[in-house]
Amino acid sequence: MTATGAVGIREVTKSYGRAPALQHVDLEIPAGSFFSLLGPSGCGKTTLLKIIAGLEAPDTGVILADGDDITSRPPERRPFNMVFQQYALFPHMTVADNVAFGLTTAPRRARPSDAERASRTAEMLQLVGLTDLGGRFPSELSGGQAQRVAVARALINRPSVLLLDEPLSALDRNVRFALREELLRIHQELGTTFVFVTHDQDEALSISQLVGVMNEGVLEQVADPQTIYRSPGTLFTARFVGAGSFFEGTVQAVRGDRADLEVAGRRFSATDAGVTEGARTQVLLRPEELDVASSEGGSLIGTVETCSFFGSYFELLTQTPVGPCRLRVREPVAPGTEIGIGWPDQAGIAYAADDPRAGEDPAIVS
Amino acid sequence: MRRRSWVLTTVATLLFLFIYLPLLVVVLYGFNGGSNLSWPPQGFSLRWFRLIFGEQAFRSGLRVSATAALATAAIAVVIGTAAAFAIARRSNRLTRWFESGSRLPVMLPPLFIGIALVAAMKTFAIDPSMLTIIAGHVIITTPFVILIVVSRLRNYDMTVEQAARDLGATPRMVLRRITLPLIAPAIFGATVIAFAISFDEVLITNFTSGTTQTLPLFVLSRLHRTIDPSVNAVATILLLVPWVVVGLALLWQRRGSRRGAADAPAETFTRAL
Chain E
1 MTATGAVGIR EVTKSYGRAP ALQHVDLEIP AGSFFSLLGP SGCGKTTLLK IIAGLEAPDT
61 GVILADGDDI TSRPPERRPF NMVFQQYALF PHMTVADNVA FGLTTAPRRA RPSDAERASR
121 TAEMLQLVGL TDLGGRFPSE LSGGQAQRVA VARALINRPS VLLLDEPLSA LDRNVRFALR
181 EELLRIHQEL GTTFVFVTHD QDEALSISQL VGVMNEGVLE QVADPQTIYR SPGTLFTARF
241 VGAGSFFEGT VQAVRGDRAD LEVAGRRFSA TDAGVTEGAR TQVLLRPEEL DVASSEGGSL
301 IGTVETCSFF GSYFELLTQT PVGPCRLRVR EPVAPGTEIG IGWPDQAGIA YAADDPRAGE
361 DPAIVS
Chain U
1 MRRRSWVLTT VATLLFLFIY LPLLVVVLYG FNGGSNLSWP PQGFSLRWFR LIFGEQAFRS
61 GLRVSATAAL ATAAIAVVIG TAAAFAIARR SNRLTRWFES GSRLPVMLPP LFIGIALVAA
121 MKTFAIDPSM LTIIAGHVII TTPFVILIVV SRLRNYDMTV EQAARDLGAT PRMVLRRITL
181 PLIAPAIFGA TVIAFAISFD EVLITNFTSG TTQTLPLFVL SRLHRTIDPS VNAVATILLL
241 VPWVVVGLAL LWQRRGSRRG AADAPAETFT RAL
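For the record, the sequence lines run as chains E and U. Per this note's numbering, numbering of the first sequence is gapless, rising by one per residue and ending at 366. Per this note's numbering, numbering of the second sequence is gapless, rising by one per residue and ending at 273.
Only chain U is shown next, with the shape it has when bound in the complex (with noise of 0.2 Å):
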């Protein structure tokens, strides 16, 4: 029994190493004072988020990729979440289908996307701009957001707006006051993890996006031309932007949690991620 709980420690301490030492190393060298990326890291400075900031290409792209990230949760989560309200509670044929039919973007591949994207876009004499990104991130977001809010409206207590109607509310007054309230945590769950994928997506940004340039798109380009220090310092702040809002959340929906509203916020996170 011990003997093999000291193995199963080992293999979970390799293996957690594994994953997070690179993540480490990369942000480690994002603080490096010297100009290589050669170990150890020469001292701590910020000297190459300064020159990172410094350049017009950066500013731009961090513009681009937080407004395409906003404009995308936005529409995804409008689009999901009356998708999800059409699934759960309505049980057709057609709705059943539409189910179906609403995972397909998250098992194709991205690259099959993109490229029909820019097929769509061929023939309907659409240029590339950031709108065409937007609707590139709306279309791989929006499933995620259909599943994270049917599984909130399906597993929850339909009586509850039985309860309100019996006490005098309208249907509309059910939806302000009971169903959104109840369902609020995991649209915005959903809203979140929207924003996370879109922030970094790339494969089907580049078909779409033209001349724009996003934040994941300056980071290849540059790559081709240097590497130094300067590009952990842009990888690091990739991987802060998400993970600041995605902690954000957690914490807001542990604050409701008490009201018994959010009954699984961390799950919800955990089945999207």
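Same shape as in the complex, but just chain E (with noise of 0.2 Å):
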């Protein structure tokens, strides 16, 4: 497989009358790769993909496919194909033949011939599993059947690139899971790049090899799933991916890539993420770096509020002076006790408390 497919973004931005749903987007997804956009609806996530696709014309910038500029051919004439969240699919056409639309719709000198139009149907409706489904209609199919048709069909074009606008948002939780394994095989299968977009972290960071989280038409951080969840660099990602506490503090000193703080009458040093010193700052600290001390030894004490069982641990929200806190623990602690929370003396991550952007803090919210 050669490596095509590479998608180039630069300084796009587009704005809907006075709302501006995309400003001076940079970004280059690698031939090949599963990239995830990955923020909350309203992001401008799938603006960013219809631009992508050609649906939606960039106000300023440049789209790039393997470095040719592509950004005023219409949607029929790039190599990228899409998925949508709500299928889309041809309601007065039978599966088969929305999957071989994309056959028919070529100049007439370069359309495949029948056989090789069935045969290559055929192959598509292998590889989502559908084999024995292709005379039916789509109001005869259920969500993920309506799902991997409509993959099956933006697949059979052979395209550089596949879209996915939220493709498994309106299917239920099973399904989703395991047609979420399927995508990720199809992918390991043709090496076609993806770009996927989603408002699920648990989906963005399980399938995806690079991760562009975003933020009221900003793109905000582009990493490895690990680094977005390690090493969130803003507090805006780092809220928005994986669960976290907050702890509010003050900077003491910054030496190097590390800040020391005060949370709670305690000093400790964490990674710097562009706090100054003197200043008040949001440390977070996720639950796998927070331990449940004696009420005595523990830095901070908190009382536990909520005890939610997730089947191999049990979720504690606690109240504490600097915040609310979850941790993680195996036995279940009933409601009203107070216990005490530890952590490293190098842990979390420290960010500027006043960042307009970051929103508000899920912990609070929820």
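The hints are simulated quantities; they were obtained by calculation from the structure and are not laboratory data. A virtual CB, placed ideally from N, CA and C, is assigned to each residue, including glycine. Please note: incorrect hints may appear among the correct ones.
[Unchecked claim] Ranges between beta-carbon positions, derived for each pair:
hint	chain 1	residue 1	chain 2	residue 2	range
1	E	A122	U	M158	27 to 37 Å
2	U	L239	E	A178	55 to 65 Å
3	U	A82	E	D355	27 to 37 Å
4	E	A178	U	R154	27 to 37 Å
Take the two lone chains and join them into the complex the hints point to.
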């Protein structure tokens, strides 16, 4: 498989009326990668996907396909195909005709023969595991089947990039998990670049090689899932991705990439993510960094508010003097109990507390 | 609870009889063997149908009405569908104004439209003919076509068109292979309704027909002369022609509904009729 399918986005801006949807977005999507655009609804991720597909035009900026400027090309002349959130199957055609549609739109001379069309349609239906359903109409399919048809339909022209607009959001949980793994398998099998838009962080982290986190039309961070989870670049990303607790504290000193903090009377050193000396900070601690100490020995005393069961662990939501705190334990703890909360001396990431782009603290909202 | 449903059933039945019993009687007397309209009808016969079909004026009236209705339906559906696309797909001040304006003929009294047409024909020295009959019918049927097609265009998922474009279809291909097949039931329904309205239109036709006689006009003039079961026979034909057309249309749509294309054929008809 040749390495085609790189997408370049340079300085793309788009607004609807006064409302900016995308602001100076720069992005390189490597050929053959599984790339996710992750963000809350309304952050501009679907707009960006539609601009890549050619279904929307950017106000300014350039879209590149393997280095070629395709900004002004209509969607039918781009080597990309799209899977829509609500499937968008053609209701008046059978599954097989839906899948074969992309082979019938070329100019007459370039159109594949009937035999080739039939064999490629069968091949695609087999790829998504729907060999027997070619004769059905879309109204006779379940959601999961419909989305598989949509994937087969989008892949039949062998696009260099497959664009997926929240393809799993409309599906039930079990179907969603099954289809997620199936997409991963298809990606490995074909080597096509996948650009996957989602608001579900678990989805993005579990299947992507690269994740771009978007917020209010701005790309906050582009990195592999582990980096996004372990070192979120901004307070927004830290809050949006993964569970975590945010303690408010003050910055004592900044030395290199470390910041000395004071939180609730305890001093410790965290990774610096843009704090200044003497300023307030929000420090992120992941649940796995926190542990339950005896109520005397801990750094922080928290009162357990809720205790939820997650199968392999229990999650405690506690209230502490410096904010709500989530931590994971093996055994249930009764609400109302006071526990000590501890963490290592080299843990956490410190963000400037007054970042206006960060939005609400999810722990407070939920 | 039981008592109330009993009352409801009675009222509904009475209302039903009130509406449909006269229709039944009219049709019944069309097959009357006797020669007057006294109760009960005397035996079954097709003599009035034979009599009426033997009359040259009836045959020409039927031909005129059928021709006018077919032409009206064809013209109204083309104009109306084109207008519906403009209204549904381009939202600006002009199209919004046009949408409200296109509903006006439905609300105007037909008498008013008729007088206006006569005045216009006088002004431009146009003689009444088949063409003026059709022009009048197009004016009153086009709004129905617009209404039906616009509502269909507004409530279908536009992303199927984006999907088609994305799969390589040019805008023309999208129209031919996606949009038109999906709205075909609505267009077909609109055609049938235009036909049915035109076929028994009498008020406006009265102003625009001159010496040309449509079937409804033939009935009116005949009523002036005689009242015998032949009028019932004509009325039966007037009733059946649109019913048969609408019935066939419904059957055709039911056949297509498996494909999900005709999502509300019955609704389309009831809204328009």
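Hints versus structure:
no., hint, result
1, E/A122 / U/M158: 27 to 37 Å, "30 Å, holds"
2, U/L239 / E/A178: 55 to 65 Å, "57 Å, holds"
3, U/A82 / E/D355: 27 to 37 Å, "54 Å, violated"
4, E/A178 / U/R154: 27 to 37 Å, "36 Å, holds"
In this structure, only the earlier hint numbered 3 is contradicted, and the remaining ones agree with it.
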